[in-house]
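Following the hints, position chains B, C, D, E and F against chain A.
The listed protein sequences correspond, in order, to chains A, B, C, D, E and F.
Under the numbering used here, residues 3 to 268 are what the first sequence spells out, in order.
Under the numbering used here, residues 3 to 268 are what the second sequence spells out, in order.
Under the numbering used here, residues 3 to 268 are what the third sequence spells out, in order.
Under the numbering used here, residues 3 to 268 are what the fourth sequence spells out, in order.
Under the numbering used here, residues 3 to 268 are what the fifth sequence spells out, in order.
Under the numbering used here, residues 3 to 268 are what the sixth sequence spells out, in order.
I should point out that these hints are in silico values taken from the structure, not numbers from a laboratory.
Virtual Cβ for every residue (Gly too), placed ideally from N, Cα, C.
Possibly wrong hints are sitting among the right ones.
As the list claims (entries may be wrong) - Partial list, derived from the structure: chain C residues whose beta carbon lies under 10 Å from chain B: (1) ARG106; (2) PRO198; (3) PRO203; (4) VAL221; (5) ALA241.
There are 6 protein chains.
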Amino acid sequence: MKLKRLLITGAAGGLGRLARERLGGLAETIRLSDVVEMTPAGPGEEVMTCDLGDFERVREVVEGCDAILHLGGVSVERSFAEISNGNLTGLYHLYEAARKAGVRRVLFASSNHAIGFHPRERMLDADSPFAPDSLYGVSKVFGEAVAMLYWEKFGIETARVRIGSCFAEPRDHRMLATWLSPDDFVRLCEAVFRAPRLGCPVIYGASANAERWWDNSKVGYVGWVPQDSSEAFRAKLDAAMTPPAVDDPANRYQGGGFAAAGHYED
Amino acid sequence: MKLKRLLITGAAGGLGRLARERLGGLAETIRLSDVVEMTPAGPGEEVMTCDLGDFERVREVVEGCDAILHLGGVSVERSFAEISNGNLTGLYHLYEAARKAGVRRVLFASSNHAIGFHPRERMLDADSPFAPDSLYGVSKVFGEAVAMLYWEKFGIETARVRIGSCFAEPRDHRMLATWLSPDDFVRLCEAVFRAPRLGCPVIYGASANAERWWDNSKVGYVGWVPQDSSEAFRAKLDAAMTPPAVDDPANRYQGGGFAAAGHYED
Amino acid sequence: MKLKRLLITGAAGGLGRLARERLGGLAETIRLSDVVEMTPAGPGEEVMTCDLGDFERVREVVEGCDAILHLGGVSVERSFAEISNGNLTGLYHLYEAARKAGVRRVLFASSNHAIGFHPRERMLDADSPFAPDSLYGVSKVFGEAVAMLYWEKFGIETARVRIGSCFAEPRDHRMLATWLSPDDFVRLCEAVFRAPRLGCPVIYGASANAERWWDNSKVGYVGWVPQDSSEAFRAKLDAAMTPPAVDDPANRYQGGGFAAAGHYED
Amino acid sequence: MKLKRLLITGAAGGLGRLARERLGGLAETIRLSDVVEMTPAGPGEEVMTCDLGDFERVREVVEGCDAILHLGGVSVERSFAEISNGNLTGLYHLYEAARKAGVRRVLFASSNHAIGFHPRERMLDADSPFAPDSLYGVSKVFGEAVAMLYWEKFGIETARVRIGSCFAEPRDHRMLATWLSPDDFVRLCEAVFRAPRLGCPVIYGASANAERWWDNSKVGYVGWVPQDSSEAFRAKLDAAMTPPAVDDPANRYQGGGFAAAGHYED
Amino acid sequence: MKLKRLLITGAAGGLGRLARERLGGLAETIRLSDVVEMTPAGPGEEVMTCDLGDFERVREVVEGCDAILHLGGVSVERSFAEISNGNLTGLYHLYEAARKAGVRRVLFASSNHAIGFHPRERMLDADSPFAPDSLYGVSKVFGEAVAMLYWEKFGIETARVRIGSCFAEPRDHRMLATWLSPDDFVRLCEAVFRAPRLGCPVIYGASANAERWWDNSKVGYVGWVPQDSSEAFRAKLDAAMTPPAVDDPANRYQGGGFAAAGHYED
Amino acid sequence: MKLKRLLITGAAGGLGRLARERLGGLAETIRLSDVVEMTPAGPGEEVMTCDLGDFERVREVVEGCDAILHLGGVSVERSFAEISNGNLTGLYHLYEAARKAGVRRVLFASSNHAIGFHPRERMLDADSPFAPDSLYGVSKVFGEAVAMLYWEKFGIETARVRIGSCFAEPRDHRMLATWLSPDDFVRLCEAVFRAPRLGCPVIYGASANAERWWDNSKVGYVGWVPQDSSEAFRAKLDAAMTPPAVDDPANRYQGGGFAAAGHYED
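Excised from the complex, chain A in its bound form (with noise of 0.2 Å):
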């Protein structure tokens, strides 16, 4: 079942590198994608800079992959022109790059930024509705109506993954809820390339973190089963910082900070 070719967008990035580095094994070729220089090409690798707002670059990029994990476009708040080229536009051009090279799978890294706005007491799950708390987050929620279309009407899978936060261990105490351990970001991946049938499923991407706001059990026919826990941090995390306050919306909503924040100025 291994792929032929697998397409990594945002290679450049924090994920990017660490799939790079961890997923070798998925396909006979990675493909390497971002708008900025990346690391020369390994064995089995290629390499190719892209503006996703590009729809001719991008249709070279996908050409020839049957696979694509995307985690390309803008990953953090910022100017509606910024995010509409990457996350809107872009976002467009690699479904549609993808429908006529016949991809025929995607991982979209989406994010909890989507659900921003749910307050942390109410759990979610994969048919909860959206409530960004940015322009970033709406932008994910375009991206998964993107997704949903192309599984409907033209039968691409996408695995829409919210991922929480994903680094080598917590750095704030929200993070002890939203922590995705590297490993466990790992197993998805390879739970989402090697089911029988993925159809279009909301995924949370979070470990087996103590404190939970996401239910991931509607979705168990994926077999990704998290390993990790963000516990073993937390005795750090309090010595090193105090949380906030409680009825600072930054600690209210899901959404930390993003959900603070004011609209975003440059």
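Showing chains B, C, D, E and F alone in chain A's frame:
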């Protein structure tokens, strides 16, 4: 509770002309906007042409209004470029201008095409997941997400109305379920702008038809009770045309022809 | 959309005679079948006696029909042998003959006794689990399951109608809730055979009574809206009889006397 | 099915006087009780003053009755001492007396203030969690819990009616949603005391208003169908007063002014 | 709490032999029954051949037993005649004999094929509607309905276990989700027969696999916690075979090949 | 995040002594209160006797505390007078004192007897309706309602913990499901007082037992993950005693003996 100045966008379209004709009583002044020419302003009216893609013009149009009936933008399937200008960028422009101008309430004409890939056998309510049947449908999901963000973060209330088919009478068998009578549309606008508290509800815009796919009971607090039924037109339709075959996607999915169509080609 | 030939089974029974009298307009030809003698065929009618346990005869009866109103089989509690012949083997014969003959749509007279052990305080809808109150009720669960199989595997649509109590008027206090007026039964048949797409819904067959145990809102797409109410008969019933005691199983369970009865003894 | 003796507590209050005037037909004898003086007994009436805090007197009042319409106790926010006497201790006295006297059925006037801290945008039904907006509301939760205990353990049936606002007409904009017309109140009492089996349902006491916060569909088996609507009074209210501001807690929460008020001070 | 005499039907089949070998400790005597010959009775065993279609013989076999592990009947797709004899008539015989003999508890081996036409993306629980994928699956729905009737009306408790795939190890990719390890099957039988109160639950018989389609959380009161996982066999399976294509019905539906097959032909 | 002063009420009881012994690390000072004598204060401890019915004394006890572990009041079925003093009036006193003293967070020891009349076959979660099995259970519903009011109106956070059976080991078969190990109780207290934001959740206090009636998944944000299981004690219990009969109310309902008992008599 009369509004001071109500902006109606898309005022030259079918719904826009209906609104212009019937909703004058809601506000001291009605400001009419469209990208195309409109008939000259009558008493209590202001007329301003505007391309939603032009942020400075949108700001001028919104300035001084306390409420917006947003019917503007693209209203059928079109190329991504057209949809992006009117329904992504243009929609964002509208909300951002509303935030700067202190607008408090919006009725956003979303569409049943935001959920058009649900099968007809599935009764939907305000919490049903989106399932767009077209790029147009995706753009309406985007608009609903922006509305949610501006409600949660900036307190602007929006009725996100997934309009069915608003015509003088149903034009095909599908519209027996989706028909929204002009009178019920007017009643809905009145209810939305008079409600003591609106929040950001999803409302399905269909009359009290015998065939029903959509359940508005979760938003009973808005106080809209449609009065008309498509049933009166059934015999006429049966005489005039044959419905599509049982397994035709245009007959299986709520979006009808939008769900059955392939990708938009200019 | 007129049917070519509609088969009505159980045509000699109460519902069958009602259907024969009122549903002639649905099809060019009505074929009437029962295990007992029926009155001779009138214009546009065909009459064929048939034991549902005899597969070859069932095939002859079904041949040439495009739709079936299946009222046949045992309609009250009986010995397992009787129920097995008519409602297990006979039901299977009917669907298997329908599959071979290319029948596209069936209205299957299931029964409230398929869910008769639910307490009256529990509002049921199309997804409520079965709870048969008798062998008869079990046989209706079986029939609903066969219908589902033939829909999923062979595309034959069935309305699985859990009929309440269809008489000229309610005969006891329980029927204030379960009463299905003859007119509403006729409207239901019309809706089922005219729907552009039916699928395989569960529909509760009760009029718009004030006392309600069953919620049909999930199947609003069928377009059946009952018009009558049992309330007009309440005073007459109160004058005529006393309802059973609060804790009498015949008063606690939806199935009434069926739930209260012991095992069937010949 | 006429009751032998129906006790009406709180008979001197607004609802009590309405019940006295309209519900005489439910029982051979109506026994009226209140802590204050009432007008003398008419034909078929008995009048007994009673402080619910006095258990021996409560036993005398309940003795010989087969049903109770419990409107007594404190009906607005008061000090804990007052509420405790009437609505905690007094409520317990009533049920304990009912148990000893063999009373079979009670209509308990609970209140919307038992759920008054739910936002108006949230449609409630019989299973929604409590959210009291006052000590008064807490006391109604207590009463609903006692009723449940006496049903499960001792078989006394209670309709736990969360009454909205029962007046001749709505007195402010909130009552457009919460209004219970006197006629609908009477119909509700009749339905509760005539139902063949009642159990222990939660029923929201509001008319068929256009603005709705409460869904009684789970208790359709009781057979109460309200007939009136507050809509007839909307124009009069709009002319007479301005509703509270969008973000005023009295406008956000179902409990209105109760939710907006601080702690009760004598 | 040891049982006096536990009847195991279908004792010559795969599950039956496993049960015979491992469940001896549950009862003082194990009675083994099958339509075919079994190895002779060992200590504490009784062996009786029996065709479930023969009621008198079934009565003899059931007499004297206080519990039944019902593994008998047809266990794959067969002609209606065969299924009818073993799984309709035979199943009824078993319960009717149990009622007459005073049996109190049954573990009924239902099957995942009772719900096999649900898509794999849909997580099922105990209340999910049936969707049989075969006549065999229909017969299991029938059996579950009979069990429910005998529980509600006669108080016989049944665990309705929708067994997945109980083999020493998974034999294809579908079984990664449906696999029930022999040890977990044994643990399940022990939990069912030791539970202080069983009722009539639906339990999905699958191990603690990483790929999950079925959620047993509603029946946590039974106390069965599977311990094994199919994950240990994944690499071996990947090396040995290719899973079916994404859109193959055998890959789309939970029933696998049963859902993909046409009508059974001898 | 260490608390300044944590008040533990009911400190002389079983849970109170456990808390005193194990929770010293949560606060700089632990204040211990009970209506009976306690052992003298150790380092970091303060000891104050208090009858919860005496408001002035409750105010003195609460003054200066920033958090409360409320284990006080009556903890088994008693006369209404006793329960009223400790669990109605006393509970109100505690919250009113907390409001005046500026306490921010409470762990309220509610009880499974608030929901004890649910049958064991019904899995409960945080939104399940109450069903008290005793006056004691009713008083816990009252306490949960007061906690909710003080959260919504005054911002005091409370964990409403429906404690199962907290003993060194399970003492009867029912406790196989309800057992809360002392270590898990301690972990729960730690999680509640360390959570960055608590709100007013309902939490079921049971360990990770194989038999489960209660589902805490909705409150995963609290971060409590029980570690122990009653399963280790099953064999010992089986050897020591026989569970009650299947239909014994003590075996049917979650409340066990409380549900089976009649009205409390002194």
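Verification of the supplied hints:
1. Hint on ARG106 of chain C holds. Least Cβ distance to chain B is approximately 7 Å, under the 10 Å limit.
2. The beta carbon of PRO198 of chain C is positioned within 10 Å of a beta carbon in chain B (closest approach about 4 Å), and the interface hint is therefore held.
3. Residue-level restraint check for PRO203 of chain C holds (minimum Cβ-Cβ distance to chain B is 7 Å; threshold 10 Å).
4. Here the hint on VAL221 of chain C is kept, as its CB sits about 8 Å from the closest CB of chain B, short of 10 Å.
5. A hinted interface residue such as ALA241 of chain C counts as satisfied when its beta carbon comes closer than 10 Å to some beta carbon of chain B; here the least separation is about 35 Å, so the hint is violated.
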